[in-house]
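Starting from the given sequences, assemble the full structure and let the hints guide the process.
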Amino acid sequence: MTSGRVTVYFAALLARTAEGWEASDTELDDVETLTDLIELARGAAKDDDTVLAFIEHEDAWFGVVRVDGEDDPHIYVSDAAAAARTSYGAMLTDELLGRDPDDDLDSLVDLDGTEDGEPDEDDDTDPAPVPVGPLGDGDILADLGMEEKELKSLDGDALESIADMLGCSMEGLEAVR
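The sequence shown begins at 165 in the numbering used here and counts up by one.
Honestly, the hints are just simulated from the structure, not real lab data. Just so you know, not all the hints are guaranteed correct.
Straight-line C-alpha distance at most 20 Å; calculated DMTMM-like pairs for lysine to aspartate or glutamate [as the list claims (entries may be wrong)]: (1) Lys313 <-> Asp303; (2) Lys210 <-> Asp235; (3) Lys316 <-> Asp223; (4) Lys210 <-> Glu183; (5) Lys313 <-> Asp328.
Note that this is a predicted model, so its numbers are computed, not measured.
See below:
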């Protein structure tokens, strides 16, 4: 969560336990990469249970990263174009679009011998455009009771809707929101 430039994120972890789903807020201060976020989620898991990492940016977009044990994570972003303009959103959309975040850094440094501003003749790959609207695994919550159509229709109260569907209490999260 950052407030200096009015960039406000809300992040929460929803972890499946033997007693049901448990919600907790989480700090993103140490999260710089998607790997960091996945490790944070795995740290909240009991055994190899499912954990949903939820990130929301000022009601403009939300993202869900689902971690099931050591399986590859599943990612969903409600509005990719809006998310791509923010640091945590770009982290998610870059992964979904197969972009390497280091490519942006490589373009700033002239390591291949070309003049600044001169295109590299061998590089004919354009980065995938960021679509407006949802991006990622729309069925990320289908086996938990929320179909893709319902997920895509969520708005600013997405976390509450997801938690309600899971039977998860939001009492502790509402206090920090």
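Taking the hints in turn, this is what the structure says about them:
no.	hint	verdict
1	Lys313 <-> Asp303	9 Å, holds
2	Lys210 <-> Asp235	15 Å, holds
3	Lys316 <-> Asp223	14 Å, holds
4	Lys210 <-> Glu183	11 Å, holds
5	Lys313 <-> Asp328	17 Å, holds
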